[in-house]
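Q: Chain by chain, the residues run as shown.
There are 2 protein chains.
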Amino acid sequence: MKKSFTFITALFLATSLCFAQGSEQEIKEDFVPSVLNQPGKEYPMVNSQGYARFKVEAPDAESVVVSLGLGGQGGTKLTKGEDGFWTGTTAGPMDEGFHYYHLTIDGGVFNDPGAQNYYGSIRWESGIEIPAHDQEFYALKNVPHGNVQQILFPSPSTDISRRAFVYTPPGYYKNTSKRYPVLYLQHGWGEDETAWMNQGRANLIMDNLIAEGKIDPFIIVNTYGMTNEIKFGGLRNFDIKPFQTVLVDELIPYVDSNFRTIADQEHRAMAGLSMGGMETKMITLNRPDVFSYYALLSGGVYAPDDVKDHENLKLIFISSGSKERPEFVINSVKELKAAGYNAVSYVSEGTAHEFQTWRRSLYQLAPLLFQD
Amino acid sequence: MKKSFTFITALFLATSLCFAQGSEQEIKEDFVPSVLNQPGKEYPMVNSQGYARFKVEAPDAESVVVSLGLGGQGGTKLTKGEDGFWTGTTAGPMDEGFHYYHLTIDGGVFNDPGAQNYYGSIRWESGIEIPAHDQEFYALKNVPHGNVQQILFPSPSTDISRRAFVYTPPGYYKNTSKRYPVLYLQHGWGEDETAWMNQGRANLIMDNLIAEGKIDPFIIVNTYGMTNEIKFGGLRNFDIKPFQTVLVDELIPYVDSNFRTIADQEHRAMAGLSMGGMETKMITLNRPDVFSYYALLSGGVYAPDDVKDHENLKLIFISSGSKERPEFVINSVKELKAAGYNAVSYVSEGTAHEFQTWRRSLYQLAPLLFQD
Numbered sequence: 001m002k003k004s005f006t007f008i009t010a011l012f013l014a015t016s017l018c019f020a021q022g023s024e025q026e027i028k029e030d031f032v033p034s035v036l037n038q039p040g041k042e043y044p045m046v047n048s049q050g051y052a053r054f055k056v057e058a059p060d061a062e063s064v065v066v067s068l069g070l071g072g073q074g075g076t077k078l079t080k081g082e083d084g085f086w087t088g089t090t091a092g093p094m095d096e097g098f099h100y101y102h103l104t105i106d107g108g109v110f111n112d113p114g115a116q117n118y119y120g121s122i123r124w125e126s127g128i129e130i131p132a133h134d135q136e137f138y139a140l141k142n143v144p145h146g147n148v149q150q151i152l153f154p155s156p157s158t159d160i161s162r163r164a165f166v167y168t169p170p171g172y173y174k175n176t177s178k179r180y181p182v183l184y185l186q187h188g189w190g191e192d193e194t195a196w197m198n199q200g201r202a203n204l205i206m207d208n209l210i211a212e213g214k215i216d217p218f219i220i221v222n223t224y225g226m227t228n229e230i231k232f233g234g235l236r237n238f239d240i241k242p243f244q245t246v247l248v249d250e251l252i253p254y255v256d257s258n259f260r261t262i263a264d265q266e267h268r269a270m271a272g273l274s275m276g277g278m279e280t281k282m283i284t285l286n287r288p289d290v291f292s293y294y295a296l297l298s299g300g301v302y303a304p305d306d307v308k309d310h311e312n313l314k315l316i317f318i319s320s321g322s323k324e325r326p327e328f329v330i331n332s333v334k335e336l337k338a339a340g341y342n343a344v345s346y347v348s349e350g351t352a353h354e355f356q357t358w359r360r361s362l363y364q365l366a367p368l369l370f371q372d
Numbered sequence: 001m002k003k004s005f006t007f008i009t010a011l012f013l014a015t016s017l018c019f020a021q022g023s024e025q026e027i028k029e030d031f032v033p034s035v036l037n038q039p040g041k042e043y044p045m046v047n048s049q050g051y052a053r054f055k056v057e058a059p060d061a062e063s064v065v066v067s068l069g070l071g072g073q074g075g076t077k078l079t080k081g082e083d084g085f086w087t088g089t090t091a092g093p094m095d096e097g098f099h100y101y102h103l104t105i106d107g108g109v110f111n112d113p114g115a116q117n118y119y120g121s122i123r124w125e126s127g128i129e130i131p132a133h134d135q136e137f138y139a140l141k142n143v144p145h146g147n148v149q150q151i152l153f154p155s156p157s158t159d160i161s162r163r164a165f166v167y168t169p170p171g172y173y174k175n176t177s178k179r180y181p182v183l184y185l186q187h188g189w190g191e192d193e194t195a196w197m198n199q200g201r202a203n204l205i206m207d208n209l210i211a212e213g214k215i216d217p218f219i220i221v222n223t224y225g226m227t228n229e230i231k232f233g234g235l236r237n238f239d240i241k242p243f244q245t246v247l248v249d250e251l252i253p254y255v256d257s258n259f260r261t262i263a264d265q266e267h268r269a270m271a272g273l274s275m276g277g278m279e280t281k282m283i284t285l286n287r288p289d290v291f292s293y294y295a296l297l298s299g300g301v302y303a304p305d306d307v308k309d310h311e312n313l314k315l316i317f318i319s320s321g322s323k324e325r326p327e328f329v330i331n332s333v334k335e336l337k338a339a340g341y342n343a344v345s346y347v348s349e350g351t352a353h354e355f356q357t358w359r360r361s362l363y364q365l366a367p368l369l370f371q372d
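Same order as they appear, the protein sequences are chains A and B. Taking this note's numbering, the leading residue of the first sequence gets 1, the next gets one more, and so forth. Taking this note's numbering, the leading residue of the second sequence gets 1, the next gets one more, and so forth.
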């Protein structure tokens, strides 16, 4: 794969506090390996309260610090034991769901050898999963599974073959006459086209919703949003055109000619998280003829005036975590509704600018899509 | 994804010497970033002679060693500069192609933050690519690309949904009446079902062969060979049955009912590298009714007696690197041919028990498959 990706900041500036409230409790010793660990690795571990515990071998190191921890206090400092292993537990319970992290060992940044890696912060970071009360909706279950396929599509505007992932729902290969609507779903700054399936578990969310009969099957497409060359603070000068060209003029026609899509505006949605929400807003405003469903997940809002000339606009969905600035989400949806639009807000309780917010947002959004 | 994978040793015990001959030359200062680096990362670098150069930040570390290096000399020890970065160059040129590696920092094993990760040695290792004189055959080119799709197939015998990757050739989704033969292609010990597409670039090898008209398109399937629970030395007690059940009784029927395959023995091949070759041999001997094409890549040999009752056996392909024990490959194919079998040997010049041998082996094997 060609890769020369590099970034941006979120519209809702994330709080890096990812601790739940009230950390004065006693720590329960029911730690189990994080489900995102590398095969056979015991650490990192998590307990039923949301604490995380780490254990890293580095017998001659002077300092090992985990980037997860109470905001402003420099993460979790590990302590060296006589066996050469460094161990430590977060000072408080973590928010439910997925967190990126890394280790700082003697001043250098490395990943935890026990954890699998996920692309975020423009690097492959370690990942840890804090069990969530609602984790069933993205669990791997014994239900029919859709496929996630890597496609390499030609992109004359950038002169390379670009990568996208396409989720095709269960049954796609059996009933070869049925055609499907498509959701184009974008990652955030520092991430890439792997984020929604790996961190977001979008394919499992869809499999489970379909198995429960809660949605009509549709296709999801993720590609790289070219976000990572954007520097913090450079948003005002952000030029959406290169990505808009790739998405609208290159990827969509490729998907429509290589998959059994319903290739019209009314059966096409665009959504994005964080920076991908900003891209969704920009592209839907520049090209109101392409999508009928718009969704911003922790990624800005629409004002009624923004979309006043949009024909065939079926839904605006706006969400965030309760630890972000949910009042913006709620107020903008109120205004949109007052102006006569079909707008829906969703606030993920107890989560911040992280993937649990976006997993839940997708779970809420999917049943609302393509219902007209 | 469920993962509780764990392993085995190769039949051809790999030499861990992966240096090319003659390291007394002057080092050319034409280093460029390895193509497998993380986006935007300058190091590790490689030069036109096959030397690799590393640069890792760890200002307070006492020791940083790269696992790549002259066999028996403990790899490449890096030297700390005043800027807090450790740097170093391999003592000699490396063999062409892909190499796994890791860092030992103050006694602990970590990955190089500049490199992407690849699953091998039952851990996600760093990967580096030494440019090869023949790298065009696995390069990403402007040709029609097939898709690589993750499937989750039900496995009653192991009580989970298991993962496989399926390569469907270009055109698979356009001409929806055409059916294809299938190659079941297995990874080695310490690896998993991601190896052939990530390290092996099997999809790009196929895309290029198809674009050049050198092969008729076929499907490739990779799944986890359950190899990683096997300890070194435990081969004699290896029980192939659990994996054989998954492959033959669960995966093949799933693929045949979910993809447009030609679902008979004459249009089905099995191949594997290293430990995957041992599995290929065991399964083809236990179930001579399932496959018509057998291929062992650095993974053992067949004797004429092994296959004497096999009906519809169309081809035996046996290969290895020239730095392994190619005489076994050549002699066994001679014997097979003398006994009247259609057998082909291939020796990859200048390579050892590594992925360049297996990329080249696939490139040689593919045109021989499904020709009857």
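No lab work stands behind these hints: they were computed from the structure. One or more hints might be untrue.
Derived BS3-like pairs: lysine-lysine, alpha-carbon spacing no greater than 25 Å straight-line [as the list claims (entries may be wrong)]:
| hint | chain 1 | residue 1 | chain 2 | residue 2 |
| --- | --- | --- | --- | --- |
| 1 | A | Lys-41 | A | Lys-55 |
| 2 | A | Lys-178 | B | Lys-178 |
| 3 | A | Lys-41 | A | Lys-141 |
| 4 | A | Lys-28 | A | Lys-41 |
| 5 | A | Lys-178 | B | Lys-334 |
| 6 | B | Lys-80 | A | Lys-80 |
| 7 | B | Lys-214 | B | Lys-178 |
| 8 | B | Lys-334 | B | Lys-308 |
| 9 | A | Lys-174 | B | Lys-174 |
| 10 | B | Lys-55 | B | Lys-41 |
| 11 | B | Lys-55 | B | Lys-28 |
| 12 | B | Lys-178 | A | Lys-174 |
| 13 | B | Lys-141 | B | Lys-174 |
| 14 | A | Lys-308 | A | Lys-334 |
| 15 | B | Lys-241 | B | Lys-214 |
For clarity, every value in this text was computed on a predicted model and none was experimentally measured.
Q: What are the numbers of the hints the structure violates, in ascending order?
A: 5 and 15
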